[in-house]
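2 protein chains.
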Amino acid sequence: MKTRQWLLNDHPRGRPLKDSDFRLVETEIADEPAPGRALAQVLWLGFDPAQKGWMENVADYVAPMALGDVMRGSGIVRVVKSNTPRLKEGALYAGLTGWTEWLETDGAGFEPVHPDLPPTAMLSVLGTTGLTAWCGLFKLGEPRPGDTVVVSGAAGATGSTVGQLAKVAGARAIGIAGGPEKCRWLVEEAGYDAAIDYKAEPVRARLKALCPGGIDVVFDNVGGAILNEMLGEIATGARVVICGGISRYETGTMPAGPENYFNLVFRRATMRGFIVLDWASEFPEIRRRLAGLVQDGRLAFRIDEQQGFEQAPATLMRLFSGANRGKQVLKLAD
Amino acid sequence: MKTRQWLLNDHPRGRPLKDSDFRLVETEIADEPAPGRALAQVLWLGFDPAQKGWMENVADYVAPMALGDVMRGSGIVRVVKSNTPRLKEGALYAGLTGWTEWLETDGAGFEPVHPDLPPTAMLSVLGTTGLTAWCGLFKLGEPRPGDTVVVSGAAGATGSTVGQLAKVAGARAIGIAGGPEKCRWLVEEAGYDAAIDYKAEPVRARLKALCPGGIDVVFDNVGGAILNEMLGEIATGARVVICGGISRYETGTMPAGPENYFNLVFRRATMRGFIVLDWASEFPEIRRRLAGLVQDGRLAFRIDEQQGFEQAPATLMRLFSGANRGKQVLKLAD
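Just so you know, the sequences run in chain order A and B. For what it's worth, this note's numbering labels the leading residue of the first sequence as 1, then goes sequentially. For what it's worth, this note's numbering labels the leading residue of the second sequence as 1, then goes sequentially.
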């Protein structure tokens, strides 16, 4: 049988993504999986800004991507034929599928979807997104009740989870996002105490007003000027969690480094980065807790679902233009 | 009797120091100290880049300095007349004297000089300089045997102490300094394993060559481009200690922030600032250990001694031009 695949066609280094970074091909795949393997159909793909870093090969915590490789990415599959006890026919699993419609896999790294939540939860709140929010916030940010947590890129899939987790932990959550619709959603749906629209409001002045005691935990998904403004308002002993840097991808040039880094001295503060995979051994337990919060109605998530395999590159680009509303996924099949 | 004093005459914000930032006055001081107080003569003043931050009032971890205040600074005094059991007549003490030739004090914050080391040791290796090196390195940097520690501003009073302490702890020490004389001194006298002359060598390439496994501990006294280069070469799990930022003072404009901060993510690394006064309760014990290392010949220090009270402003400026060789002090009297 045949499957379509998106291949890496160029390394988008130091510039935005473009259509010619990807190449659509059709390739042959066996109807009958080899012993110990299964044939699976991809139902959804999930998208993350880190994928651009993988394409650039700057992110050396993962294996390099060569030109001609199938685009790396997560997805949800339904197992159609299985020759391995790891994967049950008819069942749905989440894992690193790559950008393909069909794949043969031994099931390594694939997890069953949650029985009581929509399958796409495994690409968002129970996937790398939710795990990243949990680990970054609780292992590095360490919010205490009454702390003020400020999240940039707050309306993104990770950011909106961070704010809600901060609230669960008894902290105040302030989100920074672009545009009134995102800011309204943060406060009305995602439980943020306040939101700052960086496209319409002076970020520094709003931070001063909203965080009179300073920021105890910064959770940064953005970098650039917004990180710098947040660093300017940290409280003594603040924890600055560097999770992402989407501003690094927006333009052809690297954004300036944060001049206000020296406030780490005056505030005896800590700035840390992390790779969520370092805590992989804890993922089952963290996923169990995240699912519990969703089921208790304490953790909302929204999915931005686009349609059609041929839209994969355009769907990834939505992340960098800020077009997505919630976790970006692409539906390939029912 | 009369004493001369240097007063703060202008806040040197966002520009280098100049002569008119200081004003020399003569003022009256009682021959006989009040009950509970002592009259002391200042023998040496000690100088530190942080003093410019105090003058600017940007360093809010200390009380603000107003125009007309006596310049804040450390010194060594000899007690001439004492009406307090805290201070013995004829004995030498170190403390915050300010820029004055004589002062009356109740002795709060004054410590006796070490009986077996030169008095100026209390302004350098046993003073804030040595305590800063110890606390920054061991409380934040946490070097382990075999780690590679890179120090910027390595020929400065703090930097040269950091490298030697790293060696004592079993780590490799690489120093970055300006000019062949400083670099030679680092390797030949201060026990550094290697030195990089940033004025003559490509820092990034030399770091790559000297630290093939990456930098485990960055101890930064400089900021700007050198901090950025060091961040580009950190090892997984690195600790980046922000101690000072002398490049912030060199020019009228703030140096760019470190673009490579995002390497904290790829390297799961930590960048922290600190204020050494937070560990004041531990100073006696740390000072005891530092003195032991000096007496064992494991910790060298050098003093750059200028002469004459009227030279105080010019002596402070030596720190920012890189003219000083070792801890900058000024001798006022025998």
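Rather than coming from a laboratory, the hints here were simulated on the basis of the structure. Every residue, glycine too, gets a C-beta built ideally from N, C-alpha and C. There may be inaccurate statements among the hints.
[As the list claims (entries may be wrong)] Only some residues are given here: those of chain B computed to face chain A with a beta carbon under 7 Å:
{"hint": "1", "residue": "Arg-206"}
{"hint": "2", "residue": "Leu-210"}
{"hint": "3", "residue": "Cys-211"}
{"hint": "4", "residue": "Tyr-261"}
{"hint": "5", "residue": "Ala-333"}
[Said to hold, decoys possible] Between beta-carbon pairs, the in silico distance windows are:
{"hint": "6", "chain 1": "A", "residue 1": "Ala-200", "chain 2": "B", "residue 2": "Glu-28", "range": "55 to 61 Å"}
{"hint": "7", "chain 1": "B", "residue 1": "Gly-14", "chain 2": "A", "residue 2": "Pro-145", "range": "37 to 43 Å"}
{"hint": "8", "chain 1": "B", "residue 1": "Ala-256", "chain 2": "A", "residue 2": "Trp-279", "range": "45 to 51 Å"}
{"hint": "9", "chain 1": "A", "residue 1": "Leu-96", "chain 2": "B", "residue 2": "Asn-57", "range": "52 to 58 Å"}
{"hint": "10", "chain 1": "A", "residue 1": "Thr-236", "chain 2": "B", "residue 2": "Gly-14", "range": "22 to 28 Å"}
{"hint": "11", "chain 1": "A", "residue 1": "Trp-279", "chain 2": "B", "residue 2": "Gly-109", "range": "56 to 62 Å"}
A quick look at each hint next to the structure:
Residue-level restraint check for B/Arg-206 is violated (minimum Cβ-Cβ distance to chain A is 21 Å; threshold 7 Å). Because the closest C-beta pair between B/Leu-210 and chain A is about 20 Å apart, greater than 7 Å, the hint is violated. A least Cβ separation of about 16 Å between B/Cys-211 and chain A goes past the 7 Å threshold, and the interface hint is therefore violated. The restraint placing B/Tyr-261 at the interface with chain A holds, with a minimum CB-CB distance near 6 Å, inside the 7 Å limit.
Restraint check, B/Ala-333 versus chain A: the minimum CB separation of about 34 Å is more than 7 Å; hint violated. Checked against the hint of 55 to 61 Å, the pair A/Ala-200 and B/Glu-28 passes, with Cβ atoms roughly 60 Å apart. A hinted range of 37 to 43 Å for the beta carbons of B/Gly-14 and A/Pro-145 is consistent with their spacing of about 39 Å. Under the hint 45 to 51 Å, the C-beta atoms of B/Ala-256 and A/Trp-279, about 33 Å apart, miss the expected range.
A hinted range of 52 to 58 Å for the beta carbons of A/Leu-96 and B/Asn-57 is consistent with their spacing of about 54 Å. The hinted range of 22 to 28 Å is satisfied by A/Thr-236 and B/Gly-14, whose Cβ atoms lie roughly 24 Å apart. Separation of A/Trp-279 from B/Gly-109 is about 46 Å and departs from the stated range, judged on CB atoms against 56 to 62 Å.
Consistency note: the structure conflicts with the earlier hints numbered 1, 2, 3, 5, 8 and 11.
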